[in-house]
Amino acid sequence: DVKVTQSSRYLVKRTGEKVFLECVQDMDHENMFWYRQDPGLGLRLIYFSYDVKMKEKGDIPEGYSVSREKKERFSLILESASTNQTSMYLCASSLLLSGTEQYFGPGTRLTVT
Amino acid sequence: GDSVTQMEGPVTLSEEAFLTINCTYTATGYPSLFWYVQYPGEGLQLLLKATKADDKGSNKGFEATYRKETTSFHLEKGSVQVSDSAVYFCALRNTGNQFYFGTGTSLTVIP
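Residue numbers (this note's numbering), protein chains in the order written: chain C, 1 to 113; chain R, 1001 to 1111.
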């Protein structure tokens, strides 16, 4: 079974802190994604990566950066956390192969106070 | 641009009722279509998928048929159970390797 793991299920940080969210997948997937999920807004894509050291901005990249140094690991960084970044963060991965689905991690619920 | 529109919720049904959640899409070419389910406090799980027109995806009693002519992929189940209570997301993957999601439909099944 494909497994996507995220470093924390719950995280509480203070405004202005630098926050790292880690995601690891074990199925050699080329694509990796970071979304945030907010009530009434569905999933919004923050960044994605289709290869090591490659990244593409999604719909809402402002205030975030990412790092992909190894194929299996995709990190989301909040350079200076703000209260409006309180959300559920979901990581996903997929094969590059057309028609294949994404696999999601369990999510990290981040609260910024 | 490409997009997915799904039925607004929340939906509340009695156990054993028939379920339909509507989903329509906009995309060029022939996208692949998916239904995901999200249980409380968890990530999304793939429920079913279809990769070409007229394909029917099915899993756990749920079904959806890829209708190119109506650009739809409606989710159905003949008899829902309390354990089906969750949020359901319709999604597509286009030929450009991009994924698009609907906003989700919350389903509550009452005994």
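Everything labelled a hint here was simulated from the structure, so no lab data went into it. Positions of the beta carbon are idealized from the N, C-alpha and C atoms, including for glycine. Errors might be hidden in some of the hints.
Pulled a few chain R residues facing chain C out of the computed Cβ check, cut under 10 Å [to be verified]:
(1) 1017
(2) 1018
(3) 1019
(4) 1038
(5) 1097
(6) 1101
(7) 1104
(8) 1108
Covered by chain R, per the in silico footprint, the following chain C stretches (three or more residues, Cβ under 8 Å) [as the list claims (entries may be wrong)]:
(9) 35-44
(10) 94-104
Point to revise | Interface hint compliance - residue 1017 of chain R to chain C, C-beta minimum distance less than 10 Å | key: Status violated, d = 25 Å.
Exercise for review: Answer holds if the nearest beta-carbon of chain C is closer than 10 Å to that of residue 1019 of chain R; otherwise answer violated.
Suggested key: violated (20 Å)
Point to revise | Interface hint compliance - residue 1038 of chain R to chain C, C-beta minimum distance less than 10 Å | key: holds (8 Å)
Point to revise | Supplied contact hint for residue 1104 of chain R, tested at 10 Å Cβ to chain C | key: Holds: closest Cβ of chain C sits about 5 Å from residue 1104 of chain R, inside 10 Å.
Point to revise | Interface hint outcome for residue 1018 of chain R [beta carbon to chain C under 10 Å] | key: Hint violated; residue 1018 of chain R Cβ to chain C Cβ min 25 Å, cut 10 Å.
Practice item. Tell me if residue 1108 of chain R is really an interface residue toward chain C, meaning its C-beta lies closer than 10 Å to one of theirs. Key: Violated: closest Cβ of chain C sits about 15 Å from residue 1108 of chain R, beyond 10 Å.
Review point. How about the segment 35-44 of chain C: do at least three of its residues have a C-beta closer than 8 Å to a C-beta of chain R?
Key: Since 4 is at least three, the answer is holds.
Exercise for review: Let me know if the C-beta of residue 1097 of chain R comes in closer than 10 Å to any C-beta of chain C, holds or violated.
Suggested key: holds (7 Å)
Point to revise | Annotated coverage of the segment 94-104 of chain C by chain R, confirmed only when three residues or more have a Cβ within 8 Å | key: Answer holds; 9 residues pass the 8 Å Cβ test.
Practice item. Under 10 Å, Cβ to Cβ, is where residue 1101 of chain R needs to be relative to chain C, so tell me if that hint holds or is violated. Key: Check passed: Cβ of residue 1101 of chain R comes within 5 Å of chain C, closer than 10 Å.
Violated hints, in rising order: 1, 2, 3 and 8; the structure is consistent with all others.
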